[in-house]
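Taken in order, these protein sequences are the chains called A and B. Those letters in the first sequence? Residues 1 to 537, by the numbering used here. Those letters in the second sequence? Residues 1 to 167, by the numbering used here.
Quick caveat, the hints were computed from the structure, so don't treat them as lab data. Zero decoy hints are in this set.
Derived pair list, reagent style EDC-like, types lysine to aspartate or glutamate, alpha-carbon separation capped at 16 Å:
{"hint": "1", "chain 1": "A", "residue 1": "K241", "chain 2": "B", "residue 2": "D143"}
{"hint": "2", "chain 1": "A", "residue 1": "K231", "chain 2": "A", "residue 2": "E295"}
{"hint": "3", "chain 1": "B", "residue 1": "K63", "chain 2": "A", "residue 2": "E295"}
{"hint": "4", "chain 1": "B", "residue 1": "K81", "chain 2": "B", "residue 2": "E142"}
{"hint": "5", "chain 1": "A", "residue 1": "K241", "chain 2": "B", "residue 2": "E142"}
{"hint": "6", "chain 1": "B", "residue 1": "K25", "chain 2": "A", "residue 2": "E295"}
{"hint": "7", "chain 1": "A", "residue 1": "K6", "chain 2": "A", "residue 2": "E40"}
Now the stretches of chain B that chain A is said to cover, found in silico as 3 or more residues with beta-carbon under 8 Å:
{"hint": "8", "segment": "27-35"}
{"hint": "9", "segment": "66-77"}
{"hint": "10", "segment": "122-133"}
Chain A residues, not near chain B, derived (Cβ > 10 Å throughout):
{"hint": "11", "residue": "K29"}
{"hint": "12", "residue": "K42"}
{"hint": "13", "residue": "E77"}
{"hint": "14", "residue": "Q90"}
{"hint": "15", "residue": "E149"}
{"hint": "16", "residue": "P152"}
{"hint": "17", "residue": "P305"}
{"hint": "18", "residue": "E369"}
{"hint": "19", "residue": "R375"}
{"hint": "20", "residue": "G384"}
{"hint": "21", "residue": "K479"}
{"hint": "22", "residue": "T513"}
{"hint": "23", "residue": "E519"}
{"hint": "24", "residue": "N532"}
{"hint": "25", "residue": "K537"}
Given the structure is predicted, the values throughout are model-derived calculations rather than measurements. Glycine residues also receive a C-beta, built at the ideal position from the N, C-alpha and C atoms.
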Amino acid sequence: MSVVTKYVLFGIDDNTLQAGARRVEEEFKRELKNAGLDDEIKVVETGSMGIIQKGVVILVEPDDIYYTEVTIDDVKEIVNEHLLKGRPVQRLKFDGKVDKSVVSFRESAQEIKKQNRVVLSNSGVIDPENIEEYIAVNGYEALAKAVTEKKPEDIVEEIKESGLRGRGGAGFPTGLKWSFTAPLDKKPKYLVCNADEGEPGTFKDRLIMEGDPHKLIEGMAIAAYAIGAEKGYIYIRGEYKLSIERTEKAIEDARKYGILGENIFGSGFDFDIEIKIGAGAYVCGEETALLNSLEGGRGNPRVKPPFPGQVGLWDQPTVVNNVETLANVPSIILNGHDWYREMGTEDSKGTKVYTILGHVNNPGLIEVEMGTTLRDIIYKYAGGVKGNFKCALVGGAAGAFIGKEMLDVKMDYDHLGKYKAVLGSGAILVMNQTACIVDMLKNTLAFFKHESCGKCTPCRIGNVHLYNMLDDITKAKGKEEYINNMLTLAESMQQSSLCALGQSAYLVIESATRYFEDEILEHIERKVCPQNVCEMK
Amino acid sequence: MEEAKVKIPDNEYYQKLEEYINEVKHMPGTLINVLHKAQGIFGYLPVEVQSFIADKLGVPYSKVYGVVTFYNFFSMEPRGKYVVNICMGTACYVKGADRVVEYFKQKLGIDEGETTEDGLFTLTSARCFGACGLAPVLMVNEDVYGHVDRDKVSEIIKKYKEKEKNE
Ligand SMILES: Cc1cc2nc3c(=O)[nH]c(=O)nc-3n(C[C@H](O)[C@H](O)[C@H](O)COP(=O)(O)O)c2cc1C
Ligand code: SF4
Ligand code: FES
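Model the full structure from these sequences, guided by the hints.
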């Protein structure tokens with residue numbers, strides 16, 4: 001048997017699939033066989049490598065060379081030159097032919113490696129469909145340690161100490177959440193993973209599930225042990241076909257290895273996971289709506305309290321956590337809370353995964369320490385702005401606009417909170433001078449209007465009014481009092497809506513009027529759209 | 001319980017659905033799974049299918065109807081063979097998703113929510129698919145298309161028309 005000397009890793013995600021990654025991969029295997037290298041060089045599919053909009057992306061290890069925009073026609077050259085003769089193909093390397101006047105891709109490539117990866121440590125490195133590769137990088141060690149050496153209370157305490165906060169948007173301390181459910185005697189209890197990911201501009205959970213599904217499963221098993229749940233659900237939105245496929249396979253493999261099921265690691269702890277597929281409604285991401293949907297009904301939010309921790313799925317105690325939150329858990333248990341607390345800021349520990357999009361040179365997915373400034377995220381990791389920075393919408397539709405003045409704000413729960421902004425789901429949408437703020441607001445309100453579940457009046461009616469006012473403004477029918485009216489209405493919706501969907505309009509409207517009042521007034525008073533985007537008739 | 005109001009029509013579609021219902025009936029919270037299955041079989045969820053499901057699962061019809069109308073995924077109208085779903089999420093919107101909708105309207109001669117006369121295409125828009133790196137994005141049934149511009153719209157339409165011819 002020959003020894004594997006090199007790996008050719010294919011980053012597989014929607015971007016690269018579309019660019020024909022699978023066809024290139026087939027060709028690669030064929031060429032390796034032709035060259036007699038197929039025993040020695042292994043082709044592996046992994047999740048996204050964080051390089052987006054660069055066609056098919058491959059990484060040759062251990063040479064540490066990334067190739068982008070690889071086509072079928074390039075395969076022979078890579079095999080002959082690089083893999084046979086050891087001469088990397090310069091023209092396809094990630095640092096080639098770059099406009100040096102912007103921020104060079106070379107730097108970005110290094111930045112990708114410099115990222116502090118906890119959640120994404122294996123993403124793009126191991127084959128997500130192979131449980132053995134996960135195990136080889138210390139996978140399931142944390143679970144084994146938890147169930148054989150520790151008591152559930154110790155785990156809850158460890159997570160509390162780590163300072164981990166929920167990554168689904170609200171930033172609620174995870175250990176504290178678990179501590180409400182753990183001591184309850186009522187059985188059964190449930191652990192639900194929220195993988196509905198509906199916030200516009202967010203796809204971090206998808207890439208976690210596609211790139212490293214076992215990490216999520218391990219995190220869930222540890223969480224279930226801590227709170228005393230024997231059954232877990234992952235609620236995945238229906239559009240995420242590849243996530244569903246890979247997570248399903250990971251669950252099956254984990255069962256085969258005795259990592260899910262009965263008497264896990266001989267500890268007497270039983271736990272299994274079922275996937276449920278969503279049917280397309282943003283509000284179902286709200287935890288109580290999600291529970292209603294899991295029960296097979298309409299996904300309307302419930303009145304809180306009681307909180308799901310006490311009265312959740314089928315009225316049983318239930319912990320709902322986001323995918324990214326749970327994916328943090330194994331590393332914390334393995335390395336201890338002190339290790340985790342070294343990353344981040346005073347009140348927000350660890351790392352955060354962001355999706356950065358819009359008018360930037362390298363849109364994509366990054367994981368950096370909590371507290372990294374918006375400026376660094378945009379200019380160091382995302383390759384800078386195409387054109388001039390106007391603003392960023394941070395946190396998706398439920399987020400807020402952040403203007404130039406705030407580029408140096410530290411991105412974490414509390415710093416952003418001070419400026420009437422939120423971290424939310426971690427979506428960062430960058431806009432340049434061509435974007436019109438009224439138009440963006442109108443798009444956001446159209447979203448809320450459409451997704452409001454209609455259960456409570458402020459949200460159902462309020463969002464329609466807000467939308468109509470904005471629509472008027474784009475059609476040169478805006479009135480002077482609209483700005484104030486929108487603010488007052490949105491504020492009262494924030495105070496009186498049942499769930500955070502109805503409460504969200506205030507932040508975007510308030511931030512937009514704070515930074516760009518002049519631009520909105522141009523539309524209303526002079527009846528012109530300075531960016532020439534709105535119809536104005 | 002009352003006698004079943006709906007007879008099993010002598011129809012393999014209904015039989016297929018009933019087999020599935022019998023399989024999953026005992027599990028809690030299966031209504032949505034059943035609706036997914038039914039829409040897969042029938043292509044949409046007309047009133048008759050909904051009442052069949054209500055009957056077989058032993059839940060009120062109003063509940064089935066309530067769930068069908070709540071979720072974007074379920075449709076009570078027949079839809080085209082290819083459902084063109086254009087993302088109107090913020091990331092796609094800044095990259096010109098509204099123009100993509102316009103191109104389709106022009107090319108297909110229908111409005112949003114409508115189906116072409118030959119029953120081939122239905123045009124709809126949706127919220128973020130989580131494929132924003134490719135903005136603007138659309139899906140045709142389960143296929144994702146990214147960086148869509150005017151030329152790509154023509155290509156996509158042509159592709160499915162040709163596929164249809166060859167079938
Ligand atoms: C309208 C709405 C949509 C939401 N969507 C999501 C979502 O897609 N994913 C998610 O994890 N949390 C979402 N949340 C937050 C959840 O209600 C809940 O706070 C979260 O799942 C808890 O997990 P965490 O503590 O790990 O963050 C949403 C909330 C609202 C109000
Ligand atoms: S705030 Fe909106 S989405 Fe939330 S319960 Fe009320 S109507 Fe439904
Ligand atoms: S905004 Fe269009 S896919 Fe996310």
